[in-house]
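A.B. asks: Letter by letter, the chains look like this.
Number of protein chains: 2
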Amino acid sequence: MKNLTLLTDLYQFTMINGYFKQNIHNDIVVFDMFFRKNPSKGGYTIVCGIEQLVDYINNLKFEDEDISYLRSLNLFEDDFLDFLKEFKFTGDIYSVEEGSVMFPNEPIIRVKAPLYQAQLIETTLLNIVNFQSLIATKASRVCFAAGSDPVLEFGLRRAQGPDAGLYGSRAAVIGGCVGTANVLAGKMFNIPVVGTHAHSWVQKFDSELESFRVYANMYPNKSLLLVDTYDVLNSGMPNAITVFNELRDKGFKPSGVRLDSGDMEYLSKEIRAMLDEAGFYDASIVASNDLDEYKILELKSSGAKISSWGVGTKLITSSDSPALGGVYKLCAVEENDKLVPKIKISEDPEKITNPGFKNVVRIYNKHNKAEADLIILDDEIIDESKELTIFHPVYTWKKKTYKNFTAKRLLKPLFLSGKCVHEKKDVMAIREYTQNELNTLWPQYRRITSPEEYKVDLSEKLWDLKNNMISERRKK
Amino acid sequence: MKNLTLLTDLYQFTMINGYFKQNIHNDIVVFDMFFRKNPSKGGYTIVCGIEQLVDYINNLKFEDEDISYLRSLNLFEDDFLDFLKEFKFTGDIYSVEEGSVMFPNEPIIRVKAPLYQAQLIETTLLNIVNFQSLIATKASRVCFAAGSDPVLEFGLRRAQGPDAGLYGSRAAVIGGCVGTANVLAGKMFNIPVVGTHAHSWVQKFDSELESFRVYANMYPNKSLLLVDTYDVLNSGMPNAITVFNELRDKGFKPSGVRLDSGDMEYLSKEIRAMLDEAGFYDASIVASNDLDEYKILELKSSGAKISSWGVGTKLITSSDSPALGGVYKLCAVEENDKLVPKIKISEDPEKITNPGFKNVVRIYNKHNKAEADLIILDDEIIDESKELTIFHPVYTWKKKTYKNFTAKRLLKPLFLSGKCVHEKKDVMAIREYTQNELNTLWPQYRRITSPEEYKVDLSEKLWDLKNNMISERRKK
Chain U
1 MKNLTLLTDL YQFTMINGYF KQNIHNDIVV FDMFFRKNPS KGGYTIVCGI EQLVDYINNL
61 KFEDEDISYL RSLNLFEDDF LDFLKEFKFT GDIYSVEEGS VMFPNEPIIR VKAPLYQAQL
121 IETTLLNIVN FQSLIATKAS RVCFAAGSDP VLEFGLRRAQ GPDAGLYGSR AAVIGGCVGT
181 ANVLAGKMFN IPVVGTHAHS WVQKFDSELE SFRVYANMYP NKSLLLVDTY DVLNSGMPNA
241 ITVFNELRDK GFKPSGVRLD SGDMEYLSKE IRAMLDEAGF YDASIVASND LDEYKILELK
301 SSGAKISSWG VGTKLITSSD SPALGGVYKL CAVEENDKLV PKIKISEDPE KITNPGFKNV
361 VRIYNKHNKA EADLIILDDE IIDESKELTI FHPVYTWKKK TYKNFTAKRL LKPLFLSGKC
421 VHEKKDVMAI REYTQNELNT LWPQYRRITS PEEYKVDLSE KLWDLKNNMI SERRKK
Chain E
1 MKNLTLLTDL YQFTMINGYF KQNIHNDIVV FDMFFRKNPS KGGYTIVCGI EQLVDYINNL
61 KFEDEDISYL RSLNLFEDDF LDFLKEFKFT GDIYSVEEGS VMFPNEPIIR VKAPLYQAQL
121 IETTLLNIVN FQSLIATKAS RVCFAAGSDP VLEFGLRRAQ GPDAGLYGSR AAVIGGCVGT
181 ANVLAGKMFN IPVVGTHAHS WVQKFDSELE SFRVYANMYP NKSLLLVDTY DVLNSGMPNA
241 ITVFNELRDK GFKPSGVRLD SGDMEYLSKE IRAMLDEAGF YDASIVASND LDEYKILELK
301 SSGAKISSWG VGTKLITSSD SPALGGVYKL CAVEENDKLV PKIKISEDPE KITNPGFKNV
361 VRIYNKHNKA EADLIILDDE IIDESKELTI FHPVYTWKKK TYKNFTAKRL LKPLFLSGKC
421 VHEKKDVMAI REYTQNELNT LWPQYRRITS PEEYKVDLSE KLWDLKNNMI SERRKK
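Sequences listed follow chains U and E, in order. For the first sequence, position 280 matches number 280 in the UniProt record's numbering, and the numbering has no gaps at all. For the second sequence, position 76 matches number 76 in the UniProt record's numbering, and the numbering has no gaps at all.
No wet-lab data here; the hints were simulated from the structure. Treat each hint with caution, since some may be false.
Heads up, the list lumps identical chains together, so a pair's fine if it works in one copy or across two of them.
Unchecked claim - Straight-line Cα separation of at most 16 Å, EDC-like style, residue types lysine to aspartate or glutamate; simulated pairs: (1) Lys461 x Asp378; (2) Lys344 x Asp206; (3) Lys425 x Glu472; (4) Lys187 x Glu65; (5) Lys253 x Asp348; (6) Lys408 x Asp379; (7) Lys342 x Glu472; (8) Lys476 x Asp231; (9) Lys455 x Glu270.
With the hints as extra help, turn the sequences into a complete structure.
C.D. replies: This is the structure:
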């Protein structure tokens with residue numbers, strides 16, 4: 001990974017310089033990262049990118065050329081630039097486990113650090129986690145629509161730059177895709193890569209039949225043939241079946257066909273009938289034309305005979321919702337060795353932050369289904385042996401009581417006093433974790449459109465703190 | 001730049017391996033990159049990312065670890081892997097100048113190379129040029145809406161990964177932004193960086209007034225103050241004016257204020273009145289809340305008193321149109337030392353490609369306004385001393401005749417026989433080129449919604465070639 005230390009907004013430096021000059025740069029502060037809305041009007045968000053966040057923090061260092069560049073801006077004096085040369089992250093970062101399913105307003109990352117450090121990392125922390133979480137979430141929606149059919153990530157050529165293609169593939173696999181066409185992503189993240197041939201392959205030969213035959217002979221165990229270069233039903237399919245018969249005669253099992261244009265519903269039904277009639281019941285039909293979760297739902301409900309889905313542009317850009325609006329807000333400052341809660345008030349009630357040094361607890365029933373989340377102050381303990389009553393933070397008369405539950409604390413340490421305590425995990429292991437997390441959700445929270453809203457309440461202690469702080473501020 | 005040689009779709013390798021085994025991998029082919037639709041339903045597209053494409057081609061090289069990875073896929077034999085070790089790009093690449101304004105279906109990049117090389121680079125060529133062109137185009141739309149007001153790029157935290165933030169800033173400046181908040185982009189591309197302070201700065205001090213005072217004393221010549229942390233009209237503005245008066249007394253000229261929330265129309269008018277009443281006629285009002293070209297148009301038409309615009313998420317992701325659908329299609333193959341045109345036929349007339357080895361000519365009138373583009377075969381010469389009649393490619397009775405025009409040939413060499421002949425240009429020089437290009441367009445082509453369609457016709461020779469090829473194919 002290249003050195004991203006300067007990858008931040010200029011105002012972080014103008015502010016850090018100010019704190020330095022005021023000699024308050026070492027004040028300990030706490031920032032939460034959270035988001036206010038799920039992408040695509042969905043019911044949840046998968047947190048992703050934690051591994052790259054850890055790399056970023058581990059590699060923070062101002063090189064001489066970075067300092068020279070900052071000097072060239074004529075905004076900073078030498079004492080400050082010398083101070084930056086010694087920069088090293090010394091704080092604590094807690095995060096939910098990568099691949100966790102989270103909900104609006106919950107702290108997903110918590111940074112406790114000297115003010116200048118917490119401020120420097122804001123922008124890139126958000127950049128990394130916003131993007132990968134967005135794509136993992138989108139992928140999980142597409143996979144949910146596809147049911148048990150495999151979904152493949154095909155979007156590199158339309159991704160928003162090389163990193164978006166690479167980290168987007170990683171996130172897509174964590175969100176549920178079974179593989180990607182992106183070879184470098186396969187190498188970097190040890191995830192499955194997939195791919196067969198393009199229309200240009202077929203065009204390069206004198207006949208479609210010859211192109212199929214050459215391809216199938218070369219990859220007899222991976223003989224997925226693209227059948228829509230000329231005419232799917234009158235040319236592509238008859239030629240594919242000829243070649244599949246030849247393969248079968250040699251003892252191989254044909255893989256199937258890919259369809260990249262035309263009326264997917266009609267064509268897939270005709271293709272299925274042709275394959276079945278020739279006895280290729282197991283040959284799959286891969287579709288790959290401008291797909292997303294909405295189109296897949298519609299095709300499946302119309303009985304289209306598609307067995308796997310290659311999804312490109314609309315997944316890798318999350319096209320209906322191309323940004324996750326994660327924010328990073330001050331929630332406490334240390335004064336005389338004690339953390340004092342801070343709040344940001346707004347006329348817009350949704351924009352009022354949750355104050356204090358917090359954690360999140362998830363309540364599971366005995367069938368391991370997630371029932372609700374509770375944002376708590378970090379020193380609160382949820383006693384599983386007692387009843388737990390939670391209440392809606394606005395309509396406080398809406399209450400619910402749980403017994404026989406288990407409570408899981410979600411924020412765990414990545415860095416303690418600057419030391420990385422995070423254990424690297426394989427992407428495929430994170431993927432498995434995510435799939436388990438998704439299985440703890442009732443399906444109504446995963447619905448593609450108009451999902452139920454999952455309960456995220458505040459502990460009584462946090463609710464009291466927040467409302468007292470709001471009242472006090474309003475008095476001023 | 002990291003080595004991106006493996007950044008491609010797996011099917012490129014399965015196909016290249018096939019060509020290698022058939023011993024046709026050295027056949028010379030020609031591919032065009034073009035797009036079928038402008039982003040955001042706009043009237044034009046700015047081509048951007050050429051410099052990074054050149055870097056990518058110059059750095060193509062399979063490292064040992066890349067070969068090992070490809071070997072691990074169990075798809076390729078040693079002879080092919082040994083062949084890849086020697087990979088070197090040896091072809092010709094022509095492109096329009098970076099920052100050019102282009103239109104649907106025009107070749108913007110033309111690759112003539114041995115088949116295996118042309119195929120390998122497809123995906124990353126598209127990735128790089130699609131993204132930067134998308135953002136440069138979006139930025140130019142936002143700047144057009146803002147008229148003569150400066151536009152600043154603020155999107156890093158919501159960009160689709162680090163590269164999207166970096167190359168997106170570069171493209172945004174080429175498209176017309178006057179600067180970016182992204183410090184690393186400033187360093188890498190030598191573009192202006194801008195930034196002042198965040199709400200957290202104000203919150204860190206005991207009072208807003210103190211926070212403003214400290215800030216203004218530190219940066220007396222760049223004293224842009226964020227006035228909406230608590231209450232714009234009752235706290236932010238009175239405090240800002242107090243500090244501005246102090247600055248004026250010390251002989252400095254206050255920069256202005258920034259507004260990041262609330263009703264921009266109403267607040268900006270009130271702010272302007274307060275600043276004017278205090279005699280700060282030159283102090284600017286920067287707005288920065290969820291802006292794009294549509295919102296800016298509306299604010300300007302309602303008389304909002306905003307003098308510069310900070311644009312984030314919706315610019316850096318091109319949120320209403322988050323991908324440019326650039327494609328890369330075979331248009332000719334060399335047979336017996338002659339280029340033979342190739343065409344891709346489709347039932348959808350818009351998807352039929354333009355065959356042959358082509359160039360694009362732009363026709364300017366004597367006032368240097370672009371009148372029309374003509375896609376020609378590369379060996380055609382447009383004689384400026386004669387009349388030129390062009391015709392619509394579908395409604396061929398629609399004709400237009402030009403005299404006293406100048407004709408500019410748009411595709412120029414980047415690589416010749418693998419040798420880079422491209423001269424590196426400063427980003428700010430590309431930006432100037434783009435602004436000049438945009439000035440050659442009549443404003444109706446730049447309109448934000450429902451722009452006029454710019455004329456892109458085919459030369460008679462190309463039109464005949466294409467229609468003959470279609471007729472011949474239909475006969476089969």
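A.B. asks: Mind listing which of the numbered hints don't hold for this structure, in increasing order?
C.D. replies: 3, 5 and 9
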